[in-house]
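Chains A and B, in that order, give the protein sequences. Counting from 1, one number per residue, gives the positions in the first sequence under the numbering used here. Counting from 1001, one number per residue, gives the positions in the second sequence under the numbering used here.
Where hints are given, some of them may not hold.
Below are the EDC-like pairs computed for lysine to aspartate or glutamate, each with C-alpha atoms no more than 16 angstroms apart in a straight line [unchecked claim]:
(1) A:40 - A:91
(2) A:404 - B:1237
(3) B:1108 - B:1130
(4) B:1063 - A:91
(5) A:162 - A:149
(6) A:233 - A:291
(7) A:198 - A:154
(8) B:1128 - A:406
(9) B:1251 - B:1237
(10) A:162 - A:41
(11) B:1127 - B:1115
(12) B:1107 - B:1135
(13) B:1015 - A:406
(14) B:1015 - B:1237
(15) A:150 - A:187
(16) B:1127 - A:406
(17) B:1251 - A:378
(18) A:305 - A:282
(19) A:365 - B:1049
(20) A:70 - A:41
(21) A:365 - A:378
Derived by calculation from the structure, the hints in this document are not laboratory data.
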Amino acid sequence: MSDRIEGVKKLFTSKSARVETNRGDTYYEQLFQSCEARIKELKTQTPRENRLDIDDLLESQGVDRRSFMKWASAVTGMLMLPASFTPLVADAALLMNRAPVIWIELSDCAGNSEALLRSDGPKIDEILLDIISLEFHETLQAASGHQAEKQLEEAMHTFKDKYLLFVEGAIPMGLDGQFGTIGAYGETMYDHLMRVSKHAAAVVAVGSCATFGGVPAAAPNPTSAVGVMDVLKGKPLINIPACPANPANMVGVIIHYILTGQVPELDSLLRPKFAFGYRIHDNCERRAHFDAGEYVEEWGDEGAKNNFCLYKVGCKGPMTFNNCSIVRYNEGVNWPIGVGRGCIGCSEPDFWDKYAYERPMADAKIKAPTGGVEKTVDEFGLGLLTAASIGIGIHAAASVIAGKTENKEY
Amino acid sequence: MSSKNVEYDDKLGHKRVRVRRMTFSMRLIHWVNVFSMIVAIITGLYIADPYYQAFIADDAVDKYVMAWNRWGHFMVAIIFDVTSIIVSYLFFFSRFEKHYLKIIPTKKNIIEFFEVILNLITLNRRKKFDSSHSDSFNSVYFIIFHMLLAWMLFTGLQLYVHGLASGESSIGVWWPWMLHLITDWTIPVSAWMVGMAGNIPSIMDVRIVHHMSMWIIIIWVVFHIYYQIWRTIFWQEGDIAIVVGGSKFMKVNEDGNKNIDI
């Protein structure tokens, strides 16, 4: 209950979802100067382990300067900055190896790591994520056991209060956290998160599990899994939900941090507004079919062949906020609705229970307010209506048989 | 109760008095609400789960099935919103009848409330209250209805403002801003009502509760219609006419006083 009261307070104190895209020349001039100063300062620092040179790396992947600058101007637009910021954004991208990042994995499937590493033909977003100064990442590093532990300690010590902590995965809270332990000392995931986040400059929860609990927290949530924002207090926290989170949005957050030293503007669910201020439905290529009432009735029918709207097979685009209908995945190659299956609302809280059931909400078996039995809302409502009608029927019959009509004589 | 009580003798010599119960504007609001509700349910069911198919062979210019349904839904919603505001004004400030006086839990009101229920469950064998005016059971029953309508209004506007994610609207930025301000509280309240696994309020909770509330309103309507017909048949006071002509009849004694067995 106290959580819900907190939720109400948060909703009333948060600014609306509106994104201010024009704050006036004075604001941007000041911002430009402060960003420029920050970039200059960062340029004087040398990365601790400059393993890869960004220019070489881009060249080896066949990305020329022109493509890189095109990408930089797109990111400038995504971050809602004026076009004059493009050179700064490009500089910030080249300085991404100055931002020490520690990446920990908790209760998850490593899907977000997979999303940014296993892309077929890496594009600039993925390449940049290769060159961030990734000081610790269990899945990727060679070290294991006590060695890995030592490496983590070192990274935390060297970059104390400066590193960005990326968290992937939910935190199992059941049985005192014993559902999930990690590392050579069998530390619970909760303790692990608390220890590593203590001296982080900011925490970035990546993917739906780390943000809202995601699939591990789906009903009946046997491990009592929760997201980072439920347990971590008093730290700047940025949520980048989605299953998996879009690498473009991770890069956006890091570049924003390098450029300004601050977290981007967030909505009431702590999601960056530059990425989650858009409703999928509003930029969907199948939107016209929605308004026309042309729906895919079942998989593979004539409607599906004609790219009709996927609302009746459960698309949750109308109630999901994310930018995947704009930036898409794998550098704009495609996205769920583009490949002919509906949105499952993976960037919204409790998406597995409340969004991802492949049919419209009214026709989906979700837990009724009575608990226990899973019914569609319509079945539940019709059940109540039937009960009420039976009651009325009994009363009507009894009234006819035994009722006392006034003025029977007339 | 009302200013013009017309005395009336029926053929059997019972003295009756005409009692005015609903003003013209009240009756107008009632039928506007009936119309709005029917349209809202028909279109709302389509929006929730499109239950008929567009005719693929139709001309492109006609193909706005979902758009027309949503248009109709929003139009009757706005009409509903306006009548709700008028009704809530009349609830307190009507010169005709002060409904709020009947829901204050005074001893008189509580007794009357249970007497009306007893009348219903004893199949009119016990009738110990003044049925000429709006009784406190009716007042409470209508309060429930208007609270359901207000709830639909707030949750509906919350669902509507999702479509204004840019924060812009054709009538200015104040409109989505205001909608967020007055309806964002429905998200945690709906999440609490749905009460599923997670504890993070989600906009889907509002959608679920908005749809569920429609069924509760339908049940409300079914009982309302049944009860008004039942009263008309068993009380023999012409209650069903209230919403058409604005008045019903009340039995009085030969001396013209109310014929009530209290």
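Structure-based check of each hint:
no. : hint            : verdict
1   : A:40 - A:91     : holds (9 angstroms)
2   : A:404 - B:1237  : holds (14 angstroms)
3   : B:1108 - B:1130 : holds (12 angstroms)
4   : B:1063 - A:91   : violated (50 angstroms)
5   : A:162 - A:149   : violated (19 angstroms)
6   : A:233 - A:291   : violated (43 angstroms)
7   : A:198 - A:154   : holds (14 angstroms)
8   : B:1128 - A:406  : holds (13 angstroms)
9   : B:1251 - B:1237 : holds (8 angstroms)
10  : A:162 - A:41    : holds (15 angstroms)
11  : B:1127 - B:1115 : holds (7 angstroms)
12  : B:1107 - B:1135 : holds (14 angstroms)
13  : B:1015 - A:406  : holds (14 angstroms)
14  : B:1015 - B:1237 : holds (12 angstroms)
15  : A:150 - A:187   : holds (14 angstroms)
16  : B:1127 - A:406  : holds (10 angstroms)
17  : B:1251 - A:378  : violated (45 angstroms)
18  : A:305 - A:282   : violated (22 angstroms)
19  : A:365 - B:1049  : holds (14 angstroms)
20  : A:70 - A:41     : violated (25 angstroms)
21  : A:365 - A:378   : holds (10 angstroms)
Consistency note: the structure conflicts with the earlier hints numbered 4, 5, 6, 17, 18 and 20.
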